[in-house]
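Chemist: Take a look at the letters that make up each chain.
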Amino acid sequence: METSLIDTVAKYFYFLSLDEQVAVGTSFRVLSEIKSQGYMDLSHRAQWIALAHRYRDKIKKIPRREWVLSPGEKGFSFPKGFDTSGWINFLNNGDVQEVEAVLLSRILNLPDEEVAAGLGVTIGTVRYRVGRGLRAMGGYIES
Amino acid sequence: MSLDESPREQSEFTRKKLTRFLCQELLYEFVTHRLDSHREQEINEFLSLDRDSARELENLNKGLRYAQQASEVKISPRLREALLNFEPHWKKRLREWTLWSSQRGWKTLPYAFVAMALALGLFATKPWIKSLDEDVMLAEQLKKEPDMVPQPTPTPPAEPTTVPTVAMAPAPGNVPPPALLAPPDTPSALAARPAATPAPATVAKAPDPAPAPLPTPSPDPADYQAALAEAKAGQMATDAEQMGHGFLFRAEIEVSDFHNSWPAIRDKVVALGGKVAGNVELGWLRKSTESYFHFTLPESNYSEFELFLGTFSPVRFSKDRHPRVMPEGQIRIILTVKDGMTTNEGSSETP
Numbered sequence: 001m002e003t004s005l006i007d008t009v010a011k012y013f014y015f016l017s018l019d020e021q022v023a024v025g026t027s028f029r030v031l032s033e034i035k036s037q038g039y040m041d042l043s044h045r046a047q048w049i050a051l052a053h054r055y056r057d058k059i060k061k062i063p064r065r066e067w068v069l070s071p072g073e074k075g076f077s078f079p080k081g082f083d084t085s086g087w088i089n090f091l092n093n094g095d096v097q098e099v100e101a102v103l104l105s106r107i108l109n110l111p112d113e114e115v116a117a118g119l120g121v122t123i124g125t126v127r128y129r130v131g132r133g134l135r136a137m138g139g140y141i142e143s
Numbered sequence: 001m002s003l004d005e006s007p008r009e010q011s012e013f014t015r016k017k018l019t020r021f022l023c024q025e026l027l028y029e030f031v032t033h034r035l036d037s038h039r040e041q042e043i044n045e046f047l048s049l050d051r052d053s054a055r056e057l058e059n060l061n062k063g064l065r066y067a068q069q070a071s072e073v074k075i076s077p078r079l080r081e082a083l084l085n086f087e088p089h090w091k092k093r094l095r096e097w098t099l100w101s102s103q104r105g106w107k108t109l110p111y112a113f114v115a116m117a118l119a120l121g122l123f124a125t126k127p128w129i130k131s132l133d134e135d136v137m138l139a140e141q142l143k144k145e146p147d148m149v150p151q152p153t154p155t156p157p158a159e160p161t162t163v164p165t166v167a168m169a170p171a172p173g174n175v176p177p178p179a180l181l182a183p184p185d186t187p188s189a190l191a192a193r194p195a196a197t198p199a200p201a202t203v204a205k206a207p208d209p210a211p212a213p214l215p216t217p218s219p220d221p222a223d224y225q226a227a228l229a230e231a232k233a234g235q236m237a238t239d240a241e242q243m244g245h246g247f248l249f250r251a252e253i254e255v256s257d258f259h260n261s262w263p264a265i266r267d268k269v270v271a272l273g274g275k276v277a278g279n280v281e282l283g284w285l286r287k288s289t290e291s292y293f294h295f296t297l298p299e300s301n302y303s304e305f306e307l308f309l310g311t312f313s314p315v316r317f318s319k320d321r322h323p324r325v326m327p328e329g330q331i332r333i334i335l336t337v338k339d340g341m342t343t344n345e346g347s348s349e350t351p
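Quick note, the sequences are listed as chains A and B, same order.
Heads up, the first sequence is in my numbering, so the first residue is 1 and it goes up one at a time.
Heads up, the second sequence is in my numbering, so the first residue is 1 and it goes up one at a time.
Rather than coming from a laboratory, the hints here were simulated on the basis of the structure.
No experiment lies behind these values; they were computed from the predicted model shown.
The beta-carbon is built from N, C-alpha and C at its ideal position, and this holds for glycine as well.
Be a bit skeptical, because a hint or two may be false.
Said to hold, decoys possible - Facing chain A, according to a computed beta carbon distance under 10 Å, are these residues of chain B, among others:
(1) Val31
(2) His33
(3) Leu57
(4) Lys74
(5) Ile75
(6) Leu79
(7) Arg80
(8) Leu84
Extracted from the complex, chain A is given alone in its bound form (with noise of 0.2 Å):
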């Protein structure tokens, strides 16, 4: 299976919860799927897009799952420095659907046409919400 499939898969649900238990939890029935379907390649990243966004209003019914084998240790890691609260704001305050399109194509760094194509929107929709989740997120950030 594709790492970058893992990452983007993880980071996705990771960035929408906040939680490893819930992300590995989704990230498992998202693969599981995404591999049933033989979606596994790079080219086949807009399938990717679009059954994570299927699940994404759904992270809360599905089942946590605890992976870790060894107390304290973490599945994501962020910069040094990196103050979460700015993210935490956004998500929890933004409109879902710029808080995904930023997460898709800022964060995640997905090209547009293709986050286009797993959204089922056009591209001057994923920019028009990128441009506007950016602005958001900014006013939640304290410099």
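Position chain B against the provided structure of chain A, taking the given hints into account.
Modeler: Chain B alone, transformed into the frame defined by chain A:
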């Protein structure tokens, strides 16, 4: 608002006069350099004049920098490996088992197969249930037909072969040969068959699906008796196979003092350890002149009981084969005691 990069829409935007709203909506395109140089110049000029738009641009840049930092989130190799090797739990178990069997299980596979076949066979045949079926079932008696034994199968089974055994009765040997050669009984005839005639050395033969060929009576009585014995032996063997291995003792006795004798017989049965079988009480008065006993008795007390009955009148027991098997050391007896003063009525028959 949807922004498209098509030349037509680009030209529409370039034709529109730049307002604050339009400037702020075009900021993302501006910072990612997707606008034409003329529009970029316009926005630059507008931003220098409009502080709100300049603040929005600052927020946008902060957001971009923050997103850039966030994109550097790393996934630990172990989590990646866990996600990479993700399999449902059952699938993991199955894979482990397959691995195990491929490594060392091939040699045990035939044994496992045989064990499974044995288990399946045991499950299918259920020998333990069969042994339970062989347990003793005492005959269920109906009030109207006290010694009618329900047949295990609906097909008419072979009539229990009467085996003359104990001969306390007088004059055995008066076997009428024609009785042997009589046509087979029908089921209704079987039901109406007398349990034991006063001197029944015989022999109501069972309807045999493939009866042994009987010789035609010859004028020579010796030859006829020999042929008769041979045919009888063959018939008994066949009947024994059909009827199982249980036995039922039947007897009928006529007493002169009926009203005193049958209670005495009942008390003797009880004293000898007899226990009632069926649904009627011991010594049930089927008629005012006839008493019916259906009971089990320890086999060791059989002779004594027989002697006791002999004090009333001669008695002869017939030993019938019967599908019901009694426990070791127990026998089942059906005894009819009749008033000897009224025997000539001859209407009491046990089926």
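Chemist: Hint by hint, note whether the structure agrees.
Modeler: Outcome of the hint check:
Using the Cβ-Cβ criterion of 10 Å, the hint placing Val31 (chain B) at the interface with chain A is satisfied: the shortest such distance is roughly 9 Å. With a least beta-carbon distance of about 13 Å to chain A, the hint placing His33 (chain B) at the interface is violated under the 10 Å criterion. About 9 Å separates the beta-carbon of Leu57 (chain B) from the nearest beta-carbon of chain A, less than 10 Å, and the hint is met. For Lys74 (chain B), the shortest C-beta to C-beta distance to chain A is roughly 5 Å, which falls under 10 Å, so the interface hint holds.
Below 10 Å, beta-carbon pairs count as interface contacts, and Ile75 (chain B) has one with chain A at about 6 Å; its hint therefore holds. Because the closest C-beta pair between Leu79 (chain B) and chain A is about 4 Å apart, less than 10 Å, the hint holds. Taken as an interface hint, Arg80 (chain B) checks out: its beta carbon lies about 6 Å from the nearest beta carbon of chain A, inside 10 Å. The restraint placing Leu84 (chain B) at the interface with chain A holds, with a minimum CB-CB distance near 6 Å, inside the 10 Å limit.
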